[in-house]
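Q: When you get a sec, could you build the whole thing from the sequences and use the hints?
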Amino acid sequence: MKKYISLLLQILLLVGLFIVYSLPSAFIMLGYEKIGVIAIFLVLIAFIGFYLSKTNTTTFPKLLQKKHLYYILGGYLAIYLSNIIISPFMKTDTTSNNEAIYDLATQINPVTLFFLLCVLAPIGEELLFRFGIIRLFGDITQPNDKIKVWIGLIISSIVFCIPHSPDSIPAFFAYTIMGFFLGLVYVKSKRIEVSMGLHFINNFLAYLVIVFASHLL
Numbered sequence: 001m002k003k004y005i006s007l008l009l010q011i012l013l014l015v016g017l018f019i020v021y022s023l024p025s026a027f028i029m030l031g032y033e034k035i036g037v038i039a040i041f042l043v044l045i046a047f048i049g050f051y052l053s054k055t056n057t058t059t060f061p062k063l064l065q066k067k068h069l070y071y072i073l074g075g076y077l078a079i080y081l082s083n084i085i086i087s088p089f090m091k092t093d094t095t096s097n098n099e100a101i102y103d104l105a106t107q108i109n110p111v112t113l114f115f116l117l118c119v120l121a122p123i124g125e126e127l128l129f130r131f132g133i134i135r136l137f138g139d140i141t142q143p144n145d146k147i148k149v150w151i152g153l154i155i156s157s158i159v160f161c162i163p164h165s166p167d168s169i170p171a172f173f174a175y176t177i178m179g180f181f182l183g184l185v186y187v188k189s190k191r192i193e194v195s196m197g198l199h200f201i202n203n204f205l206a207y208l209v210i211v212f213a214s215h216l217l
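Numbering (full-length UniProt numbering), first residue to last: 1 to 217.
Please note that the accuracy of each hint is not assured.
Taking lysine to any residue and the SDA-like style, the derived pairs with C-alpha atoms no more than 20 Å apart in a straight line are [to be verified]:
#  : residue 1 : residue 2
1  : K66       : I201
2  : K66       : K188
3  : K188      : I151
4  : K66       : F200
5  : K54       : E193
6  : K54       : K190
7  : K146      : K188
8  : K190      : L63
9  : K148      : G138
10 : K148      : Y4
11 : K190      : T55
12 : K188      : F200
13 : K62       : K190
14 : K2        : L14
15 : K190      : Q142
16 : K54       : V15
17 : K66       : E193
18 : K148      : T176
19 : K54       : G16
20 : K2        : F137
21 : K34       : A121
22 : K54       : L13
23 : K54       : D139
Don't read these hints as lab results, they were simulated from the structure.
A: Listed below in structure tokens is the structure:
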């Protein structure tokens, strides 16, 4: 019984963290950009506190190795190729989630957009969807938990897709596949910083297009 209560509490914690994670975007979209920026940093502090409380980490993480950079590069190529394969099946050139980001980009400071897309999203979403959800099912460092971890990986990929408002089946698969590769990089590298790095690269390249080459959209 205690096991199920503990699981329920952990799920409720993740739901609460997701609500907290959504606050900066909500403030910014309502026109309260300065409050949104402050909220971004407060949310980052909250998420880092969540991570530290679950790992009992008291030292700085080790620097990433060359193999971790290969994971990031391979993960990005996998996401990019999957988008190329799925794009012909899309009803429009982009998803409703991306359209919302494009619209938001015309209303706020590029620096605010950077912190929202390239700082908050990689850190918050990786700690929430990868670190938070996958660890509910199994420990990525334990070989005996391999099947449980894979189940967690699949479920986390689907859950990751939902908040991105997929408006079609191809869009659903696009975000789910992206979530899968982000999770796979985390599971294989056993470093949440690696999936954060992949998420950052993916969002940063999109950010550059939005800010400096919006005429191509």
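Q: Work down the list of hints and note, for each, if the structure agrees.
A: Here is how each hint holds up against the structure:
1. Between K66 and I201, the direct Cα distance comes to roughly 16 Å. Compliance with the 20 Å bound is thereby established for this hinted pair.
2. With a CA separation close to 14 Å, the supplied pair K66 and K188 stays within the 20 Å bound.
3. Restraint check: the Cα-Cα separation between K188 and I151 comes to about 14 Å, which is no more than 20 Å; the hinted pair holds.
4. The hinted pair formed by K66 and F200 meets the criterion: a straight-line CA distance of about 17 Å does not exceed 20 Å.
5. About 15 Å separates the Cα atoms of K54 and E193, which keeps this hinted pair within 20 Å; it holds.
6. This hinted pair checks out: K54 and K190 have alpha carbons roughly 15 Å apart, not beyond 20 Å.
7. Between K146 and K188 the alpha-carbon distance is near 11 Å, which keeps this suggested pair within the 20 Å criterion.
8. Only pairs whose Cα atoms come within 20 Å are accepted, and K190 paired with L63 is accepted, the gap being roughly 13 Å.
9. Pair hint K148 plus G138 holds up; C-alpha atoms about 5 Å apart against a cutoff of 20 Å.
10. Using a Cα cut-off of 20 Å, the hinted pair K148 and Y4 holds, with the two alpha carbons roughly 16 Å apart.
11. Under the criterion of a C-alpha separation no larger than 20 Å, the hint pairing K190 with T55 is consistent with the structure, at around 13 Å.
12. The straight-line distance between the Cα atoms of K188 and F200 is roughly 18 Å, inside the 20 Å bound, and the hint therefore holds.
13. A C-alpha spacing of about 12 Å is found between K62 and K190, which places the hinted pair at or below 20 Å, so the restraint holds.
14. Between K2 and L14, the direct Cα distance comes to roughly 18 Å. Compliance with the 20 Å bound is thereby established for this hinted pair.
15. For the hint pairing K190 with Q142, the CA-to-CA distance comes to about 11 Å; that is within 20 Å, so the pair holds.
16. With a C-alpha separation of about 16 Å, the suggested pair K54 and V15 falls inside the 20 Å cut-off, and the hint holds.
17. Restraint check: the Cα-Cα separation between K66 and E193 comes to about 13 Å, which is no more than 20 Å; the hinted pair holds.
18. A threshold of 20 Å between alpha carbons decides the hint, and for K148 with T176 the separation of about 19 Å falls inside it, so the pair holds.
19. The hinted pair formed by K54 and G16 meets the criterion: a straight-line CA distance of about 16 Å does not exceed 20 Å.
20. Our distance criterion of 20 Å between C-alpha atoms is met by K2 and F137, whose separation comes to about 16 Å.
21. With a C-alpha separation of about 18 Å, the suggested pair K34 and A121 falls inside the 20 Å cut-off, and the hint holds.
22. Among the hinted pairs, K54 with L13 is consistent with the structure: their alpha-carbon atoms are about 12 Å apart, no more than 20 Å.
23. Using a Cα cut-off of 20 Å, the hinted pair K54 and D139 holds, with the two alpha carbons roughly 12 Å apart.
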